Structure formats: structure tokens, C-alpha cells
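**Q** Respectively, the protein sequence lines represent chains A and B.
488 is the number that my numbering gives to position 57 of the first sequence; each next residue is one higher, with no gaps.
458 is the number that my numbering gives to position 27 of the second sequence; each next residue is one higher, with no gaps.
Keep in mind the hints are simulated off the structure, nothing from the lab.
Here the structure is a predicted model, which is why all the values come from computation and not from measurement.
There could be a bad hint or two in this list.
[To be verified] Quick list of the computed label-pair ranges, beta carbon to beta carbon:
{"hint": "1", "chain 1": "A", "residue 1": "477", "chain 2": "B", "residue 2": "559", "range": "25 to 31 angstroms"}
{"hint": "2", "chain 1": "B", "residue 1": "450", "chain 2": "A", "residue 2": "475", "range": "29 to 35 angstroms"}
{"hint": "3", "chain 1": "B", "residue 1": "463", "chain 2": "A", "residue 2": "583", "range": "50 to 56 angstroms"}
{"hint": "4", "chain 1": "A", "residue 1": "477", "chain 2": "B", "residue 2": "593", "range": "35 to 41 angstroms"}
{"hint": "5", "chain 1": "B", "residue 1": "489", "chain 2": "A", "residue 2": "469", "range": "40 to 46 angstroms"}
Where is the CB? At the ideal position from N, CA and C, for every residue including glycine.
Protein chains: 2
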Amino acid sequence: MLIRPIEEADWPRFLPVFREVVAAGETYAYPEALTSDEARHLWLESAPGVTVVAVGDSGTLLGSAKAGPNRPSRGSHVATASFMVAPEARGQGVGRALGEWVLDWAREQGYVAMQFNAVVETNISAVALWRDLGFAVIGTVPEAFDSATHGRVGLHVMHRYL
Amino acid sequence: MLIRPIEEADWPRFLPVFREVVAAGETYAYPEALTSDEARHLWLESAPGVTVVAVGDSGTLLGSAKAGPNRPSRGSHVATASFMVAPEARGQGVGRALGEWVLDWAREQGYVAMQFNAVVETNISAVALWRDLGFAVIGTVPEAFDSATHGRVGLHVMHRYL
Chain A
432 MLIRPIEEAD
442 WPRFLPVFRE
452 VVAAGETYAY
462 PEALTSDEAR
472 HLWLESAPGV
482 TVVAVGDSGT
492 LLGSAKAGPN
502 RPSRGSHVAT
512 ASFMVAPEAR
522 GQGVGRALGE
532 WVLDWAREQG
542 YVAMQFNAVV
552 ETNISAVALW
562 RDLGFAVIGT
572 VPEAFDSATH
582 GRVGLHVMHR
592 YL
Chain B
432 MLIRPIEEAD
442 WPRFLPVFRE
452 VVAAGETYAY
462 PEALTSDEAR
472 HLWLESAPGV
482 TVVAVGDSGT
492 LLGSAKAGPN
502 RPSRGSHVAT
512 ASFMVAPEAR
522 GQGVGRALGE
532 WVLDWAREQG
542 YVAMQFNAVV
552 ETNISAVALW
562 RDLGFAVIGT
572 VPEAFDSATH
582 GRVGLHVMHR
592 YL
């Protein structure tokens, strides 16, 4: 598996993953009816942020991550990141590989911590992965996410120093 | 004191307040070098959000608040809001009046809760006011705000049902 910056040719391959993840309604509070350009604007970070893809040995697009400052200016020493793994590539360690890549990147960029603002509490595998990678739940906003299958569930704020 | 939707003529009167609050470096992680248009884009909410001003009896602009959904789509049942009070109008209950107005507005709009994502923990008067208006601290992201006088301090996530 190779993790590298996203390229122009990756976008049409990633867009269906983005749409499928959002439409599933379990992990992201993004609008479902986004155009390609709107989705691209949301997912492709400009400097000082970064967007990468994970690509399999045969060139398959396995997933993507984006990272950058969680807030500008007086909050810009804390990074944030988002992740999507293609449904057919789950359970192969893609999320973990992307998570580790992003943590290394943030450390190299000089961030002092990383914060996730909205980890859906019923997204058990993500919560477990982030805990395993050193994140702790700072707090949980109750009923803040309308999950397609679970109804209103909490959103964890998760954090770790780098 | 009158609280009403912001109008075109209010912006040049509010902009110096916005700049002064941001430049003080104690409460907002906004860039300090924003143009008028950039600041306006940040502060003026479009539907379904709202931006209001508090105006004194003599027509003086005392402060402003903005509110709207904290997240789109599956998170849009939770509101968020931001507040700025003119330095010369502090201690007169302007923040409380704006807070109460925004809570009423959010209730009328059908939001089920309100969440503040980043209340600087050393902003004692704001934290006390929000507690008094029924908000609780859900969690505190450590050292996430670089305060001009206190250095790195925590950012509270605060929440209340409506």
C-alpha cells in the first residue's frame, strides 16, 4: 500500500467512495447532494493542509485522508484530519495506515496536538482505532449526529498530543 | 437595547469591534489581517443562519451575534452561535441579551440543542454567562488556544438542550 498526495486523476476514482460514505449516513455530516466540485472543495485541502490517497499494489484506490490546522491563527498549532476508506477495502488496515501517516505528517509540520471534532460514537471501529493510535475522548456532544441506522447519537471530540 | 437583524449600514460600525476583539487575542481564533470582505464573510450568516446587532437607545452599536446550524445535514439539528460585544459596552448585559435572543431564535427554528465549539477557558465572564444560561462544559481541549496574555489555554466545548 502506497500513501501519496492526491493527484488530478485520483479525484474521479475517489468521488464514488466519498458519495458512498456520505450516503451511508453513519459517519459524516456532509450534505448528500454535493456536486463533484463541492465535494472536491470540501475534501481537497490547500496549503498548509494536505490530502493523500492510499493506493493498493494493483493501483486500486483504497481510501483518502486530509489534514490541516483545526483552527486558523491562535488555534493553528492543533491539527485535525478526516478519513474515508473504500467499502471494499475495509478490514485491511487502510484506516490505520492513513492515521499513522497523518500523525507523522502533523508531527513533522510542527503541530503540537491533533483533534477530531466529530467522531460518531457508533462508529465503533473508528473510535477503537483512534484510541489505539493514542487518542482520548475529551467529551461527547449528546445526540449531535443523526445516524441512518441508530438515530441521534453522540459525537466524540478526540485528542492526542503529538 | 434593541436586537435586530444586521443591516448594510451596520457593517462599517461593527467592523472596528470585530477587529478590536480579534486583535485582543483572548477569545477568537480568527486571522488578524482579514479584509473587510473576509471578516464580513465570516460574520454574516446566510439562511438558515442569522446575524443580529444589539443597538443602544441612542443608536450606538453595542455588539453582535450570529447563529446557525453547527454542522450541515445529519448534524443540522444542533445550533451554534458566536458573540462579540463592543469593548466600551461591556458589563451592561449586552452579551446576556444577545445570548437569550439567540437561544429563543434557535428554539423557534426547531433546533434541539446549542453547542459552542471553542469557548476560551480564560474568558471567565463568557464561561460564567453561558453556564448561567444553562450551558455545561462537555469537555475541554487542552492548550488549543494561544491567548495573547495567558499563553496556551484550553477551549471548552459547551452545550445545552433547548
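**Q** Indicate, hint by hint, whether the structure satisfies it.
**A** Results for each hint:
1. A:477 <-> B:559: 25 to 31 angstroms: About 39 angstroms separates the Cβ atoms of residue 477 of chain A and residue 559 of chain B, which means 25 to 31 angstroms is violated.
2. B:450 <-> A:475: 29 to 35 angstroms: Since the Cβ atoms of residue 450 of chain B and residue 475 of chain A sit about 31 angstroms apart, the hinted range of 29 to 35 angstroms holds.
3. B:463 <-> A:583: 50 to 56 angstroms: Violated, at about 38 angstroms.
4. A:477 <-> B:593: 35 to 41 angstroms: holds, 36 angstroms
5. B:489 <-> A:469: 40 to 46 angstroms: holds, 45 angstroms
Of the numbered hints stated above, those contradicted by the structure are hints 1, 3, listed in ascending order.
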